Each structure stands twice: as structure tokens, then as C-alpha cells.
Amino acid sequence: MSGDMSSTANRHRYKEKEAEIENRVRSVTIIVTRKFMEEKMLNRFVQVVLLTLMTLMIATSAWAAEKNMVFASPYGITTFDPSISYSTELTYMANVYETLIKVNPPGSKELFSYVLATAYNASADGLEYTFKLRKGVKFHDGTAFNAEAVKFSIDRTKKIGKGAAFIWADLKEIEVVDDYTVKFILGKPVPLPQIAASAYASYIMSPSVGDKDKEWFDKGNDAGTGPYQIKNFKDGESWMLAKFEDYWGGWDGKHLDNILVKYTKESLIQLQMLQAGQAMLGARLPIDSYDSFDKNKDTKVIYGPSYQNYMAFFNTKRPPLDNAKVRKALAHAIPYEDIITLGFNGMATQARGPVPNGQFGATEDVVQYKHDLELAKKLLAEAGYPNGGFKLILTYAAENAQEARFAPLIQSEFKKIGVDVEIKGLVWNTQWAKGKEDPKNAQDMFLLLWWPTYSDPYETLFSLLHDEGDKPAWNLAYYKNQAYDKLIREAYEVTGSNPEKSLGLYVKAQNMIQEDMPVAWLVDVVGKWPMSEKLQGLTINPAYPNVPFFYDMFIE
Amino acid sequence: MEAMAVENKREPVLDVRNLEVTFNVARGAAKILAGVDFQLFPREILALVGETGSGKSVTAKSLLNLIPGASKQTSGKVYFEDKDLFKVSNKELQAIRGKHIGMIFQNPQACINPVFTLGEQLFRLIRLYLGDEIARMKLSEGVSTKQAIQLIAKEKLNEVGLSDSKRIFKSYASEVSGGMAQRFMIAQALLSSPKILIADEATSALDVTVQARILKLLKDLCAKNDTAILFITHDLGIAAQVCDRVAVMYSGRIVEIAETKKIFSAPCHPYTKGLLQAVPRPGRSNGLSFVPGMIPDLVDPPGGCRFHPRCNARMELCSKKRPEKYVVGENHEVSCFLYEENLRG
Amino acid sequence: MEKKALKKLAATVVADHHKMRMYQLRQFLKHKSAVLAFFILLITIVAALLGPNIAPYPEQGLGEVNVSERLQAPSAQHYLGTDVYGRDILSRIICGARVSLFGGFFIVIAAALIGVPLGLWAGYSEGIPGAIITRLVELFLSFPSVLIAMAISIVAGAGAFTALLALVIPWWPWYTRLVMGEVLSKKRMLYVEAAQMLGYGKVYIMVRHLLPNILTPVIVMILLDLGPAIIAIGLLSFLGLGTQAPQADWGLMVWEGAQNILSEWWIAIVPGCAMFIVVTAFNIFGDAVKDILEPNRS
Amino acid sequence: MSLFVFICKRFLGLIVLLLVLSTLVFFFTRSLPGDVAALYIGGNAKPEQIELARIELGLDKPLHVQYSRYMAKLAHGDMGVSLRTHRPVFQDLLEKIPMSLELVFIALFLATALGLFTGVMAAWYQGSWLDSTIKWITSGAVSFPIFFLALLLQLLFFNWLGWFPLQGRIDTFLEFTSPIERITGFSLIDTLLTGNFTAFFNVAYHMVLPVIALLVGPFGMIARLTRSSLLEVMQLDYILAARAAGVSERVLFFHYGLRNALSPVLTVIGLSVALILLATFYVEMIFNWPGIGYYALAAILSLDYTALMGVTLMIGTVYVVANTVMDIARRLIDPRIK
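Residue numbers (numbering that gives the first Met the number 0), protein chains in the order written: chain A, 0 to 555; chain B, 0 to 344; chain C, 0 to 297; chain D, 0 to 337.
Looking at chain A on its own, in the form it has when it is part of the complex (with noise of 0.2 angstroms):
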């Protein structure tokens, strides 16, 4: 008999009981002293022994075997909703739930590849989008995929309006044209492919969820489409990702069944687990252990391209930061070498401008800036500190290791050219909301970490630095530029229609804010996932941040 049956019998068991533990109506030492009674405890304890370590070798080996594992997750839930989820729990609904099409990572032939979808195209005008749909998918639920659900899901999320329901703004409506085609029709020509495949608030779910809420959802429940179903989700603390047997995609070939997600914010307990082999997907290593670890010949790290990048916002609205020059020559002084290297272990590449590396508007036509004391000097001169004399405040989210990490280097180089920095580490909520008071008495940088919501550069060019007058939301420079904005919006409009033109304008207008220097761009981040040797089949995709696609995955 194989151990799994001895558990299951134990659990079975327990079943009987469950009944009346549940409703509290017996007491746990009654429970104690009946199995007492029923079993002649002591040889039933040898023979469990026995079994529990036959259990273990057989279990040890089959579940080193083959198709379960566990991941080592730092990304805790935020909510399980589709239609608000806007957060970390993306690891986990990226593979609950489908969109309509995917973006490719940068370098594939395609832009798009097809999910739900099996074809679009859009009107001369850009205002009107039309989808075919894959016929014979199935939800969890067993509801059958179509029109209409697309139609349900995207109201739904438009209609609850938080998490990031606003990439829906220029949708007017909907229409089902029948059961497998459904036609988008927008206010504005924006880039609604894009949106489609955006990472939060474009997920397809089950009509049969009908108006059940957020708590429905947070209970472990799901209503996707895709390869797996969230089981077991009792408290925050470990959760399991289930094969969807009826999953549209099929069965047939090297796949993961089962993933235990164990919460584990720590990185040094992820390598941990990975190295002793509790785990075999980890997210985070304690920064200088990523080399070691590598090299280690049972655990490998996998690095690819990613849409995270770090930057310092410059207080453009108070003293001496308002003076482009000195914002100049700090940019010129900040030790980007030193960063990647400390904060990132190498892993990282500087940043040229706010679109990361690789996104669509990410070209070598966007001036860089690099670390240069003796320019920074000058300019710093030119700009009538000769040499410094000031000092700065620089904010930094405190649960972030890396900005934790490289936010001294800054404060170390500037003080080279005579400029103190202080560094204050808040709780990212704390240090945010500082940064959205006023102005003139908020801190003078702000370090921060970015992705895009979507893969058009237009919502992180907008976000970070439109003009947002006195109610700042990310614009934390506080920065000010019409022609910038009205650029901006021109292409993102054409962006659908004319993908060179958008791009030379998006190119323009990164320029005109690289004169201006109202933000330092530190590194784009390159992605990384320690896992097990055994672990293969892992692409990272950095249209969806964090989000490694199991269903690809398999052991060897």
C-alpha cells in the first residue's frame, strides 16, 4: 500500500469527527479519550509510525517526482478579485485567469500572441475593436466561455472602478456581436490591444460569478479560465495553485499539477528552503547571494528582461532642486556602477529614461546621463554652488531591500561634491503620502519603484510626470511641461494606428524631460527567479511582472 493512502485513511479518519468538531459540540478532550477508547492506542501507534515513515520515504521521492511543488512566494494577497486586483497576488491570478490576448516578450516576432481571443482587428479609426473568441473553453465553474462573458467581466471590473479599472477610461461600451465575437468601442483611439493584454483589470471570469463581491473572492474562491484553481486558501499563510482538468489548453505533455505557494516574505528563509530543498521556486535571495547560489549544482537562477525600474524624483518645486542645473548635475553624480552593483548584485542595467528597457518607447535615441563627479562639479558651479553646501532629504520605501541598500550610496557620492543627504526610510505608505503633501515642505527626492500597468510607455509617461496640479499622485517632482503632456497624449493616440510615428513623438518627448531632469533614472531591474536545477520551462515575460507561467513549467 502506498503512503498517500495511509494519510488519506488518516484524514478520513478524521472526517468522521469533522462533523461534530466543526460545531463545536464536543470538546477536544473528549475527542482525545474516545480514539483512546475505539483504538488500542499503543499498537495502532507503532503500525502509524511504520506507515507515516514509509510515507515519508515514498512521499519524500514521489513528490520530488514529477509534477508538484512548492514556491517559496514573497507575494502575499492582496485580493483575489479580477477586477481589483492590483497587487502582488498578480503571481497567482495570471495563472487563475486568462485575458483575451497576451503580450509577447520583447524579442518575439509578434507583439501580441492569442489567448482567449483567436483573432481582432481594429476600425480605420481606431474607435472600433473586434474579437473573435476560442470556442470551447471552459471555466472552473464549468460555465462555458463567450461573448457575453467578456462583456460581464470587463463592465463588472469598469463598473467596481478601483484596483486598475481606469486603463478602461476610453471604453464606451461593449457589444456582443454573437456568441464567439465581441466588437470594443472606444471614446478615444487609444491602444486597447495593449489594454487587452494589460497584467490587472483585464481578466475574463465567469458570469456565473454574477454580483457576488470581493469577499466571495477572498474567501479562495476563483472563476477563471486558466490552467489552475486556487485550493485551500485558509489563512494568508500557504495556499495551493491546482490543475483545472478540463483547462482548454489540455494535459497532454510536461506540466505542474499541484503548487503550494508557502508565504515567505524573507528572502534569506527563501534561499533557505530552496537550498535544503523545501522549495523549488523561490522569487527573492538576500542580495549577495545570488552568485553562490547559482554556482551551487542543484539550484540555478534564471535572469530575463523586466519593466521594473527605480528612479529619484527631484522636489522641482523648492530650493535649490526647482534649479535645472543643480538637478543636472546630482543626476551626474549619482553612482549608477555602485548601485547595480551593491543593490543589485550586478543584476540590473542602468536606466536611460522612464520607459524600461526593452518596453516599446525604450530606445538608444534617449540621451542617458552618466556618473560624472567633475561635470557634476561644474554644472553644480555654473549653477552658483561651487561646491555644494547643501543639504537634502531623500525618502525611500523601508520595505524595500534594494532602495534600503543603494540609498546610502547616493547619500555617500553626494557628499564628495559637498552635498548632504539625509536618508529617511519610511513604510512605503508613510513615505507617499509625504510625498503627495505639500511641496514645499515634502522631502527633495523620492526614490520609487515603477512598472507599467500595460505595455504602452503612454500610462507611465503620463503618470509619472503630467502635470497633476496641487493633488500630486505620482508626479512627485511636482513637475510641470504642456508641450510634454500634450506630446505624450499625441502618441498615444496614434500608438494603435502608426506605431513609428507614436514612437519618434514618445522618443521627443522623453528627451524634452531628460533637459529638464526632473527625475533620475536609476536602473531598470532585470528579472530573476532562484529555483531548483530540476525546475524547467520558466520564461519571464516583463509585461507581467512577477508572474512565472507554471502551466510551462514542468521537472526534469
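The hints are simulated quantities; they were obtained by calculation from the structure and are not laboratory data. Some hints could be false.
[Said to hold, decoys possible] Derived lysine-lysine pairs resembling DSSO-like cross-links, with alpha carbons at most 30 angstroms apart: (1) C/K7 / B/K272; (2) A/K218 / A/K230; (3) C/K29 / B/K71; (4) D/K72 / A/K211; (5) A/K218 / D/K60; (6) A/K242 / A/K211; (7) B/K82 / B/K169; (8) A/K213 / A/K242; (9) B/K71 / C/K289; (10) B/K260 / B/K169; (11) D/K60 / C/K289; (12) C/K6 / B/K320; (13) A/K213 / D/K134; (14) C/K29 / B/K30; (15) B/K71 / C/K186; (16) A/K218 / A/K233; (17) A/K233 / D/K72; (18) B/K30 / C/K18; (19) B/K71 / B/K82; (20) D/K60 / A/K211.
Keep in mind the model is a prediction, meaning the values are calculated, not measured.
Model the placement of chains B, C and D on the given structure of chain A, informed by the hints.
Leaving out everything else, chains B, C and D in the frame of chain A:
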């Protein structure tokens, strides 16, 4: 008178010779006892009187070697029935403590363990001392050990006039009056009708009426059990009431020892005289009198006779050497140079 | 004759006082471990005072990074190795000593300065003030001090000095409670009642008669609190609620090193040991002093 | 005062304390920096959504309204929704408390047992080499910054000796082969109830290091106090009297002395509950133990206000209850306190 004479021929039940106790205190070595000798005879009551700090209590405690701590040295000999208590093993000493030499202290309540009922503590001691007694009762009256102990305890408490034994057994130290507590202690001390009872200021803490009764009780019981009492007090009055002999202590020495009558009728040592003067008596003309000066510093005591600085009959000799014991009459010894020639003559 | 005796007595009293001190000193020297502890503390305090002046790499001690030499194991040029920023850990520890040591002193002394007077007042004058202060003390003591401190320094915003203040706030009640107890036991004593008879004012009695008699336990408590105070500081700065990088602070250094504990273990362990040693020293020293000043107390 | 009355009084005291605490905590958290609504949304939220959240959380209402609502809810055991886990705080607490109590109880028990034993030994052999070694050990034990101790244990017993696991409550693969059925929440008990011995031993194994980390400090405190308080008691009159009555030293010490010496020790045990509670924050963080300490610390560091309130109230309660229990114990062993 004759009776007394007869007794003195008898062997002393306790014979203390040149007892010296030194403490290391903050400021150096303090010689609390500088050679104390006295004898305690069966059935007699010997009072040890003196001002506070004259070393009475220390004497009492060091007899049974009760003062713990590395900071003291003891020398001299204490013979209890030809056993030197300073020589015997701890085990033997322990066996003697309580069973053969009982002891009661100044503030009874503090001497009763607060977390046990009086009963528990009494029973424990009965089990400790009266093993055979219990066995006997079990045979004769066919009672269980527990009952036997209870019976004995009841009887002993009755002896000291604690009739309501039920309540006593159940109550804690904090729940009984000083008088009751002291009676209880006495009962405890006399459980095994010891040869000697050391009463260390046993009544000083009690108010006068209670005091009187307790004293009476002590006296009767000890007469009944042939127990000799070493009665330590600072109160000459009490000494006079209860004791056969009185030893006057000053600064770690016995300066005069004699039968009570003699001490009060014909005191010899100037200090004794002073003390007696100090006892207020009705109708004495010259108001309050006192012994001038104060007890000497024990760390560097005055040389020779420790009393000489305060002595009004001081001679230059006094500061030089320590006076011997001089017999000035039957059972009457004084250590003072005034009586040196007495000895010769 | 009387006079002479009294003169002699007075003389002896004065002499005794001196003898007493000498005796206590001798007693202290008998505690070998305490003497050792004392010297350890002496060294640490000197190091803390001189700080950068004696640190092998002063500017690194103050936070300058040195990427080229990061994560070096203890060696000839870096006796205790270097941290993730390539800073010499020995220098960091020396510069960090200030926060821990003087922070510790600050906390307990401030706490005593607040707590003792309140305790005197509350203990001596029953009635409303006494009651209020008692309740207040109870409220504070009904909750772990360091938690209160955490809470406060979250509101006040992290920083070395705020952390210290945050720790003083839940710390003083312990002194108040101690002093109240002492006063209640002493206020019925003859010398106090005598003073009252003589019609001295409350304050005078408190300061001249009570204070001197309760000073010893307070001093002992101060000494015994130094260790815990240092630990408390560490607890806060370990969570980043205390000193801010790049300033050096032992608790913070342990935190910075915690990530590398499995590989470059010395980064966390060395400052931890420093903390541990100093605290132990304070405890042993405090114990010894207590044994001597309050031999009869537990 | 009878025991019952005493307990009632303490209970009332507790309620008052909780009222005061909750009020303080409420206004305290409202005075915290940062935007609750923004925190609640999390991620890269847009201002409009934050406004929605603000209304959803009732933060748009005036303070006194919020306060009265909060208290009203609290009366029904509703502590609101955690801003971090987005689950009812009360539920979170219920799930996590047992995990910690498991550690705390075991640690406290061992600390007490060891502490008493060591303290008694030290006093019994006062002045001997044993006494001085114990003095060294205990003064060391109370000098450990908990986080340092925890790291040290990991380094020593995982990294160098490899005797114990570094972290976690159970080996992850067991969550498939023999998962723990949650009955009481105390994993050791649950595993026994369901006859899941593999998990039982595994959990016990994982507990070793955290428990050690937790018990060292209290152990030191208790041992030291036991020693000194015993020695103090042995100076007292009734011990002298008993000695004079010929009671053997052994009995004097272990029967007469110990029982009297115990009551201050009990007080310290009560206090060390607070110590351990605080320690769990660090220990559970460093050993990745999914308990209340970890939860509390996360709440503090991420300014999860609602969770903070819940945790505070819980700790206040535990603290008071622990001390009450200790006082009751003291009253039982020491009639003077009545």
C-alpha cells in the same frame, strides 16, 4: 539555702567556658563575646542580664551554633552533658537542638513560618522528637499515627493554655496574637521536655499582663519537666521575679554572677550597682539615675576592663589589664579589681 | 566627661563613614568578575567618547561606503571584517558604541529624574495626586515598555533621539513605583515624624529626610537598568525605529547583517557580541554594587 | 478578600484597562502618519480609488463618529479588517494566537522549571564554584538581545552543526503528504488528535530553536530571583527558630525556605510573560514562525492600524491575565497575601 548548696555540688547541665565570638563587620573585627563562662545547673533558672548590645542574645544563639555566615569565628567550649557542642557533628548538634535544648525567641510571630498552619509545624516537630511516644500510643490506644500526633499536640497545647487546639491547628502565624504565638512557641520548645530551655528575651515583646502569665507558665512547666532555663533579658525586674541566679553581662563579658538575692541586696560590680540604681523605684529620693556614657565600640574596645571609661571607681590599673574573676562570697563572682584584695584576704 | 565621650563618639562616626567606604571598595575588589566587568565598561566608554578619533577607518565608521572591499572576512587590515558596504566593522562598532552606551545612560537617568520626584510626591502626600500617579504608573506598567516605545517612535518618526525619548516614557514609572514603596515604608519612621513635629515643610522633609534614605535603591536600580536599556535601544534600532543608516548602531548593524547570516555571518554576529558583552558587563557590575550597597536585600 | 472577589476585581480591572487601551490605541493610530485608505488599496493606486476606499472604511466621517463606531464594533468582538491581510483582524488573531501560545507556553514552562531548579541549586551551594558558574550563566542569559540570540542559534545549530532546521513550522512537503488538520490550532495537539505523528515530530523538531531563543531570558531572570529570594528568606527569624528546633537543613531549605521564597518568583514569571510576548515578535520573524508575534511585527512595520489595535488589546489582555494567574498562585501558596 541548703538546697541551693546541695545543687551546686551537682554536675552542671550546661558548662560554658571562655566563649568568644567575633564578627567581621564593615569596620573590621568586632569581638561581640570576649570570653564568657558560666554554668547552668539542672532545674535552676539563670538570668543573663545586660544592656542591649552586651551580647546576651549572641551568647544564647551561639550556644547552639545558630548564627550562620562565614563572617564569624567562634571559640571556647560549650559542654552539654560532657559533649562539647562545638566539636560534635552537625547531625548530632541537630539532634540535640530542640529535642534536648529548646529555645524561644523575642518576637514569636516572626518565628512561626507564615506559609504553614501552626498545626503543620507542630506535627512535624512531634514526628521529629516523639517517635517512640507515637509508637506507644498507637499500641496502647490503637490509633493511627496521624491521630496519635493530633492527640499529643492537643495535650501539649492544653499544657500551655491553648485549649482551642482545633482552631490553632488551622490558623496561620498572622492570625494569632503575640501571647498565643509565644505560648505556641513554648509548647513547641517543651514538646520533648528538654534538659534546657533558652529563653531569649522571650517576653520582652509582650505587654505586661501577658508577660506575667507567660512567665508563670514557663516557670511551672520547667519545674514540672526538670528543665533548666537560661533566661535572657534586659529587665532586672523580671530577672528578680523568676530567676535563681543572675549573671550580669557587659560588653561581651560576664562581670558579676550570683544568686538573685545577693545581686539585689549586695551588688559588687560598679556596673551592677549602676544598673540597679537605674531601675526606678517608688519613693526613691534622688530622681532618675543612670549609668553615664554608653556601651563601648566593640571594634576597638577600651583596653583592660571594658567598663572602665564609664566606671566611677576607676583606677589606672583598670585600663591596663583585664580583671580576673574574684569570688566574693558563696556562688558570687565578680570581675573587678576592687575585689582583688578580697581574694587575697 | 560626658562631653568627651560624645566628642569621641562623633569622631568615631566620621571615622566609621570613611572606614565604611574603604570596606565597600575592598568588598568590590573581591568580586573578580565585577572588576573585570568594570574595566570592560571603562574601555567601552573611552572608545565611545573618542569614537572616530580612535577608529581605524573613521570616515567608514561614520558611514562612507567602500564598494571595492565589501563583505571581507576578518583580516589584517580589517580585524573584524567589512560589511555589505565594505565598511570596517570595528570602526562601525566603535562609532556605534555612543548610541548604545550614552543612550542607555540617558534613558535610565532621565527616567529616574522624572520617576523619583513623582514617586516622592505620590508616596508622601496621599490623596488625589498620589492616587492619580499610582493609576498612571499602573497603566504604564500594565503593558510591555518596549512595545509602548515602538508605538511612540512610529508616530514620532524613526530616529535615534526619538527612540530614546520613546523609551524614557514607559521607563520612569518603574522608578516611581520603587520610590513610592520606599517612601511608604520610611514615612512612618521616627526621623520623619520628628521632622513633621518640628513643623518642617513637605518639600523640605521629602528632600532632606526622605530622599537621602531612598537614594541607595534608586542608584542600584539605575545601575541594573543600564543593561536592559541598551537592549531596548537595540530592539528598536533592529527594527529600523532607532538610529538611521548610515549612522552606526549595534542593533542596526545586526539587522544589516542578518541577511548575510548564512554566508558573511560576522557582519551580524560581531556587533551582536559587542552588545551582549557590554550588557553582561553592566549586569555583573550592577549586581556587585547591589550586593555591597544593599547586602540585606535580595 | 475571597479569591472569587479578587478575581472579579481583576476582571473589572481588565475591562477598564481594555477600554483605556482601545481608546488610546484608536486615537494613537489615527495620529499615525500615512494614508490609511492608500494603505488599504495597496499597490500603485490612483487617487480616485483611494477616495472610494476612504468612504468604504468610513474614514470620511468625523473622528468622534469613527470612534463610537469602532467601540461599538469592538463590543461585538469585531476589530475591523486588517489593512494588510484584508481579513477580519479577529479571525487573524484567532488563527495565529495558538501558534504563538504553543511556543510561549512551552518556553515559559521550561524557563520556569529550569530557572527554579538552577536558582535553588545556586542558593543551596551558595558560594561554591557551582554557584558562581550559575551566576555567570544566568547573568549572561539575561543579557542577550533576543534578535542576536536567535541569529546566533541559527548560525550555530543550522549553519555550523546542522542539527536543527533554520526556520518554519513544518517541512513543506509534509503539507502534501501529511497536512495538519486544524482543530485547536495548536499544531502539536492537532497532529496528535489526528494521529498524524510524522507531522507531530516534525513540528516538535522545528520548535526546538525558537523555544530555546524564547526561554533563555526568562530562565535567567527566574533563576537569579529564585536564588536571591531564597537566600533572603533563609535569614529570617522563623528559619532560625526552626533550626533551633532541630529541623534538618535540607527540610529548612526545601520545605520552609522555598515555599516562602516562591511568591516574588511567581511575580517575575508573570512579568516574563510580557518579556516572551515581546520576544516572539523577533523570534517568529527570524524563525519564520507564522504566529501572532510575526503578525504583530508585520502590522507595526506596515502600519496596519486595525491589526495594531487588535494586537495591542490582545497583548494587554494576555499580560493582565498572566499576572492575575500569578497573583492567584501567590495567594494560594502564601496566606499572608489574603
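query = Quick one, are D/K60 and C/K289 close enough, alpha carbons at most 30 angstroms?
reply = Cα-Cα ~56 angstroms, so violated.
ask   = Between C/K6 and B/K320, is the straight-line Cα distance small enough, at 30 angstroms or below?
value = 25 angstroms, holds
query = Going straight from one Cα to the other, do C/K7 and B/K272 come out at no more than 30 angstroms?
reply = Since the Cα atoms of C/K7 and B/K272 sit roughly 25 angstroms apart, the hinted pair holds (cutoff 30 angstroms).
request  = Assess, step by step, whether the Cα of B/K71 is no farther than 30 angstroms from the Cα of B/K82, and give holds or violated.
outcome  = 22 angstroms, holds
query = For the pair supplied as a hint, A/K218 and D/K60, is the alpha-carbon distance within the 30 angstroms limit?
reply = Given pair A/K218, D/K60 holds - Cα atoms ~29 angstroms apart, limit 30 angstroms.
query = Does the alpha-carbon distance linking D/K60 and A/K211 stay inside the 30 angstroms limit?
reply = The given pair, whose Cα atoms are some 27 angstroms apart, holds under the 30 angstroms limit.
message = What's the verdict on C/K29 and B/K30, does the C-alpha distance respect the 30 angstroms limit or exceed it?
response = 24 angstroms, holds
request  = Assess, step by step, whether the Cα of A/K242 is no farther than 30 angstroms from the Cα of A/K211, and give holds or violated.
outcome  = Status holds; Cα separation ~24 angstroms.
ask   = Is B/K71 within 30 angstroms of C/K289, Cα to Cα?
value = With a Cα-Cα distance of about 22 angstroms, the restraint between B/K71 and C/K289 holds, given a limit of 30 angstroms.
request  = With a cut-off of 30 angstroms on the C-alpha distance, tell me whether A/K218 and A/K230 pass.
outcome  = 10 angstroms, holds
message = Holds or violated: A/K218 and A/K233, Cα atoms, limit 30 angstroms.
response = 8 angstroms, holds
key: A/K233 paired with D/K72 [C-alpha distance capped at 30 angstroms]   = Satisfied, since the Cα-Cα distance of roughly 24 angstroms is no more than 30 angstroms.
The structure shown violates the earlier hints numbered 7, 10, 11, 13 and 15.
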